[in-house]
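In the UniProt record's numbering, the protein residues as written are 1 to 411.
Hints are not guaranteed to be accurate.
Unchecked claim - With a straight-line cut-off of 16 Å between C-alpha atoms, the simulated EDC-like cross-links for lysine to aspartate or glutamate are:
| id | residue 1 | residue 2 |
| --- | --- | --- |
| 1 | K301 | D113 |
| 2 | K195 | E150 |
| 3 | K301 | E160 |
| 4 | K102 | E280 |
| 5 | K297 | D113 |
| 6 | K295 | D260 |
| 7 | K201 | E280 |
| 8 | K341 | E70 |
| 9 | K102 | E343 |
| 10 | K110 | D258 |
| 11 | K110 | D180 |
| 12 | K188 | E153 |
| 13 | K341 | D362 |
| 14 | K191 | E151 |
| 15 | K297 | D180 |
| 16 | K110 | D307 |
| 17 | K195 | E151 |
| 18 | K297 | D183 |
| 19 | K295 | D258 |
| 20 | K301 | D183 |
| 21 | K298 | D258 |
| 22 | K331 | E310 |
| 23 | K191 | E161 |
| 24 | K188 | E160 |
| 25 | K295 | D113 |
| 26 | K102 | E310 |
| 27 | K188 | E150 |
| 28 | K191 | E251 |
| 29 | K188 | E290 |
| 30 | K298 | D113 |
| 31 | K191 | E290 |
| 32 | K316 | E178 |
| 33 | K102 | D394 |
In short, the hints are calculated from the structure, not lab data.
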Amino acid sequence: MSNFITEITPNRPVYVDNDPQNELTTLNLGPTHPATHGVFQNVLQMDGERIVSGVSTIGYIHRAFEKIAEHRPFYQITTLTDRMNYCSSPINNMGWHMTVEKLLGIETPKRVDYLRVIVMELSRITDHLICNGILGVDTGAFSGFLYLMEEREHVYEIFEEICGARLTTNIGRIGGFERDFNDIAFAKLNKFLEKFPPVLKEFEQLFNRNRIFIERTSGVAAVDPETALNYSWSGPILRATGVDYDVRVNEPYSSYQDFDFEIPVGTAGDVYDRFIVRNEEMWQSLRIIEQALEKLKKEPKGVFHADVPEFYLPPKEQVYNNMEALIYHFKIVMGEIDTPKTEVYHAVEGGNGELGFYLINDGGRTPYRLHFRRPSFINYQMYAPMSSGMLLSDAIINMSSLNIIAGELDA
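All chains should be modelled from the sequences, with the hints used to inform the complete structure.
Take a look at the structure:
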C-alpha cells in the first residue's frame, strides 16, 4: 500500500498518491454490476481497496425523451415521465400535468389537489422504501428489504384500483384524473394506513440503533451544506446536510400549504443521516395522507377533474352520444385549440429532490422545447469526486444512499 498526502477540503479529504513506483488498478464499477442498481458506469483507479480517483459514465439508457416530447401532444408526454424515476412514477406524471396546467391557466378543484397529494405521498413512501431497503441489503441486512417490499406491493394495489397500472402508472390527466377513486381504493388505502406503521417501526428497530449498521454508515460520504448547495443537490440528501429546502413548502403546489407537516433534516450529511431522513419522511407522508383523507370529507363527492372541456378529453360514452363532446374530442385530438405562446417552469418534490419541467411553447399542440430537471442527474455529478479516498465498500453504500435511478439519470 502506498503512502498518501491528505489535503483537507471543506467536505472531504482528497488523497494524492505520491509514490511514483506505485501501479494503480483500473476497476469498472458498472454498467452491469448489481451494486450500481442501474445501468451506469464508474471507471475507478484503485490502490488496493481504496479509490484514488474515478470517472462517471452515463447515457447507457438515454432515450431522448426531451426530443421525443417535441413531437407529442401534451397529454401523450405523460408516459415518457413514467420512465424517468419509475420508483415513484405518479409524482412525475402529476408534475408534468401541473406544468401544462400552469401554461394553460387551469385551476384544479381542491378535491383534485387532495387526491393528487394522496397519490404523490404514497409514491414518496414507495421510493423511500426501495432506497432504504436496498441500503440495508448493501450493508449485509436482507430481512428489512423483504419486509418493505411487501408493503410496496400494497401501495401498488392501490394504484391498480385508481388507474389500472402499478409501476409505470400513466396516472391522472391534465386537469385532474381520468376517473374518480372507487370505494375499493379508499378501503385499501385505509388498510395500508393501519398496517404499514407497525412494519415501518419494526424496520427502524432493525436498523436505527443497530451497531453494525451505524458503524458501516455513520461518517461515510459526509457532505457539508455549502458543498451540497454548490452542487445543486436537493431532496433527502440535501436535507440530510441540514438544509431544510422542500419544494412542497418553499413553492407549494397542489394545495400543500393546507397541510401540517415537518421537514426532517440531518446534521452530518452522511449515509446514516440520509437513511434517517428518508425514514422520517415516510412518517410525515403518512401524516399528510391522513390529513388529506379528512379534508376530502369536506369536499363535494364526484369531482375528479377541472371544468376545462377544451383540454380534458370527454368520456367515450359521451363522445358516442353527444355532439358537443364529439366536437371537443376532435379538437383536442387534432390540436385545433390554441395554447399560450410563453414559457413556464414548474417543480415538484420528487422522491430524490426537485423534479422540474421547463416548457417553452409556441402556441401549438406540442412543446417547442421541453427540459426535465432530473434530480438523479444533478445529484450524481458529485459521486466520483466524493468517492476519492473512500474504500470501495463505502463507495457502494454511498451510491445506495444517493438513490440514483438510471431512468431519471439519463432520460
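Consistency of the hints with the structure:
Of the pairs offered as hints, the one joining K301 and D113 holds, with about 13 Å between alpha carbons and a cut-off of 16 Å not exceeded. Distance hint between K195 and E150 is fulfilled; the C-alpha atoms sit about 11 Å from each other, no more than 16 Å. Between K301 and E160, the direct Cα distance comes to roughly 21 Å. Violation of the 16 Å bound is thereby established for this hinted pair. Restraint check for K102 and E280: the C-alpha separation of about 31 Å exceeds 16 Å, so the hint is violated.
With a C-alpha separation of about 13 Å, the suggested pairing of K297 with D113 holds against the 16 Å cut-off. A distance of roughly 12 Å separates the Cα atoms of K295 and D260; the hinted pair therefore holds under the 16 Å criterion. Proposed proximity of K201 and E280 is supported: the alpha carbons are some 11 Å apart, at most 16 Å. For the proposed pair K341 and E70, the alpha carbon gap of about 15 Å is at most 16 Å, so the pair holds.
Between the alpha carbons of K102 and E343 the distance comes to roughly 10 Å, so the proposed pair stays at or under 16 Å and holds. With a CA separation close to 10 Å, the supplied pair K110 and D258 stays within the 16 Å bound. Under the criterion of a C-alpha separation no larger than 16 Å, the hint pairing K110 with D180 is consistent with the structure, at around 14 Å. Restraint check: the Cα-Cα separation between K188 and E153 comes to about 11 Å, which is no more than 16 Å; the hinted pair holds.
The hinted pair formed by K341 and D362 meets the criterion: a straight-line CA distance of about 5 Å does not exceed 16 Å. Between K191 and E151 the CA atoms are separated by roughly 11 Å; this keeps the pair inside 16 Å, and the hint holds. Between K297 and D180 the CA atoms are separated by roughly 14 Å; this keeps the pair inside 16 Å, and the hint holds. Taken as a hint, the K110 and D307 pair is honoured in the structure, with Cα atoms around 13 Å apart against an allowance of 16 Å.
The straight-line distance between the Cα atoms of K195 and E151 is roughly 9 Å, inside the 16 Å bound, and the hint therefore holds. A distance of roughly 14 Å separates the Cα atoms of K297 and D183; the hinted pair therefore holds under the 16 Å criterion. Distance restraint check for K295 and D258: the Cα-Cα separation of roughly 9 Å lies within the 16 Å cut-off, and the hinted pair is therefore satisfied. Among the hinted pairs, K301 with D183 is consistent with the structure: their alpha-carbon atoms are about 12 Å apart, no more than 16 Å.
Between K298 and D258 the CA atoms are separated by roughly 13 Å; this keeps the pair inside 16 Å, and the hint holds. Annotation: proposed proximity of K331 to E310 holds, straight-line Cα distance about 8 Å (limit 16 Å). Of the pairs offered as hints, the one joining K191 and E161 holds, with about 14 Å between alpha carbons and a cut-off of 16 Å not exceeded. Taking the CA atoms of K188 and E160, the gap is near 11 Å; set against the 16 Å cutoff, the hint holds.
Note on K295 and D113: the hinted pairing holds, with a Cα-Cα distance of about 10 Å set against a maximum of 16 Å. Taking the CA atoms of K102 and E310, the gap is near 15 Å; set against the 16 Å cutoff, the hint holds. For the suggested pair K188 and E150, the alpha carbons sit about 14 Å apart, so the restraint of at most 16 Å is met. Distance restraint check for K191 and E251: the Cα-Cα separation of roughly 32 Å exceeds the 16 Å cut-off, and the hinted pair is therefore not satisfied.
Of the pairs offered as hints, the one joining K188 and E290 holds, with about 13 Å between alpha carbons and a cut-off of 16 Å not exceeded. Annotation: proposed proximity of K298 to D113 holds, straight-line Cα distance about 13 Å (limit 16 Å). Annotation: proposed proximity of K191 to E290 holds, straight-line Cα distance about 12 Å (limit 16 Å). About 11 Å separates the Cα atoms of K316 and E178, which keeps this hinted pair within 16 Å; it holds.
A distance of roughly 43 Å separates the Cα atoms of K102 and D394; the hinted pair therefore is violated under the 16 Å criterion.
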